Structures are given as structure tokens and as C-alpha cells.
Amino acid sequence: MSRKSQAAGPAANARSTDPEDYQRVSRAVAAMPKDFAAGFEIAPHHHERAQLIHATAGTMRVAADDGVWIVPPQRALWMPAGVRHAIAILSSTTMRTLYVRDDVAAFMPRSCRVMSV
Numbered sequence: 021m022s023r024k025s026q027a028a029g030p031a032a033n034a035r036s037t038d039p040e041d042y043q044r045v046s047r048a049v050a051a052m053p054k055d056f057a058a059g060f061e062i063a064p065h066h067h068e069r070a071q072l073i074h075a076t077a078g079t080m081r082v083a084a085d086d087g088v089w090i091v092p093p094q095r096a097l098w099m100p101a102g103v104r105h106a107i108a109i110l111s112s113t114t115m116r117t118l119y120v121r122d123d124v125a126a127f128m129p130r131s132c133r134v135m136s137v
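Here our numbering is used: the first residue of the sequence shown is 21, the next is one more, and so on.
Since the hints were derived computationally from the structure, they do not count as laboratory data.
Predicted model only: the values in this text are computed from it and were never measured.
The beta carbon of each residue, even a glycine, is placed where N, CA and C say it ideally should be.
Some hints here could point you the wrong way.
Claimed, not checked - Estimated spans, in silico, between C-beta atoms of each pair: (1) Ala126 <-> Ala57: 35 to 43 Å; (2) Ala57 <-> Arg35: 14 to 22 Å; (3) Val88 <-> Val45: 13 to 21 Å; (4) Gln94 <-> Val49: 34 to 42 Å; (5) Arg133 <-> Pro64: 13 to 21 Å; (6) Gly59 <-> Asp123: 21 to 29 Å; (7) Asp85 <-> Ala58: 19 to 27 Å; (8) Ile90 <-> Ser46: 20 to 28 Å; (9) Asp122 <-> Asp38: 15 to 23 Å.
What the hints assert, rightly or not - Here are the simulated EDC-like pairs of lysine to aspartate or glutamate, each with C-alpha atoms no more than 16 Å apart in a straight line: (10) Lys54 <-> Asp38; (11) Lys54 <-> Asp41; (12) Lys54 <-> Glu40.
Model the full structure from these sequences, guided by the hints.
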């Protein structure tokens with residue numbers, strides 16, 4: 021998958037929308053807000069930290085080697101650290117992602133899991 025287009029850029033005082041900025045912060049959990057237009061695709065990638073992927077509005081399709089999940093607003097997807105995945109934005113989406121340090125994520129599943137939010 022490739023990146024098609026991105027939503028309007030963030031305001032000058034907004035948080036970073038670059039996932040790399042959240043991988044080595046000192047906090048155990050780092051939250052990243054990001055909005056996407058329908059049709060946007062995030063190319064296959066992975067993160068150093070585990071990730072909880074949630075949309076407060078809109079719907080995403082997340083694909084990894086071990087499955088494909090549709091993630092609507094009432095669900096979130098747990099993505100363990102290092103798992104390669106891609107995301108397709110199926111409708112205008114307001115994504116909220118938590119990046120979780122390994123020591124804090126130790127009690128979480130070692131494979132992708134859908135959770136109620």
C-alpha cells in the first residue's frame with residue numbers, strides 16, 4: 021500500500037503526527053492524534069512500541085501477517101511492538117493512537133487483538 025493523500029496539516033501548536041516522535045519518549049504511554057481523509061493508506065510499517073489503534077470517528081482496515089481487522093469507533097486494535105501492519109482509511113477518520121513501552125505492555129497479548137472501547 022502507498023500513501024495517497026493526507027488530511028490538512030496540523031496547526032502550529034498541535035502535537036506531532038509523526039509516529040517516530042513517540043517511539044523513544046520517556047513516558048510509558050504516549051498518545052498521538054491524527055486525522056485522515058477517506059481513501060488514505062498508510063504503507064506497511066512497524067513500531068518499536070506496542071500500539072493501541074483507535075478511531076473516535078470513522079473506520080479503518082488494518083492488515084498484518086496474521087489477519088485483517090475492520091476497526092470502527094467502538095473498537096480498538098492492539099498491535100504488539102514490531103508487528104508489520106498497514107492501515108487503509110475507509111471513511112474520514114479521527115485516529116487516536118497510544119504507543120506503549122515494552123515494560124508496561126508486558127501483560128498485554130503477544131498477538132493482535134480487537135478490544136471494546
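| Do the beta carbons of valine 88 and valine 45 sit within 13 to 21 Å of each other? | Violated: the Cβ-Cβ distance is about 30 Å, outside 13 to 21 Å.
| task | With 35 to 43 Å as the target window, see if alanine 126 and alanine 57 comply at their CB atoms. | result | 36 Å, holds
| task | Evaluate the given range 34 to 42 Å for the C-beta pair formed by glutamine 94 and valine 49. | result | 21 Å Cβ-Cβ, so the 34 to 42 Å window is violated.
| request: Sort out whether aspartate 41 lies within 16 Å of lysine 54, counting only the CA atoms. | output: 13 Å, holds
| aspartate 85 versus alanine 58 beta-carbon gap, inside 19 to 27 Å or not | 26 Å, holds
| Given hint aspartate 38 paired with lysine 54 - CA-CA distance at most 16 Å | 9 Å, holds
| Status of the given 15 to 23 Å range, CB of aspartate 38 versus CB of aspartate 122 | Because 21 Å falls inside the window, the suggested range holds.
| field | Pair hint outcome, lysine 54 versus glutamate 40 [Cα-Cα no greater than 16 Å] | value | Since the Cα atoms of lysine 54 and glutamate 40 sit roughly 13 Å apart, the hinted pair holds (cutoff 16 Å).
| Is it true that arginine 133 and proline 64 lie within 13 to 21 Å of each other by Cβ? | 20 Å, holds
| field | Cβ separation of alanine 57 and arginine 35, checked against the hinted range 14 to 22 Å | value | 19 Å, holds
| request: Take a look at whether the Cβ-Cβ distance between isoleucine 90 and serine 46 falls inside 20 to 28 Å. | output: Violated: the Cβ-Cβ distance is about 34 Å, outside 20 to 28 Å.
| request: With 21 to 29 Å as the target window, see if glycine 59 and aspartate 123 comply at their CB atoms. | output: 37 Å, violated
Of the numbered hints given earlier, the model fails hints 3, 4, 6, 8; all others are met.
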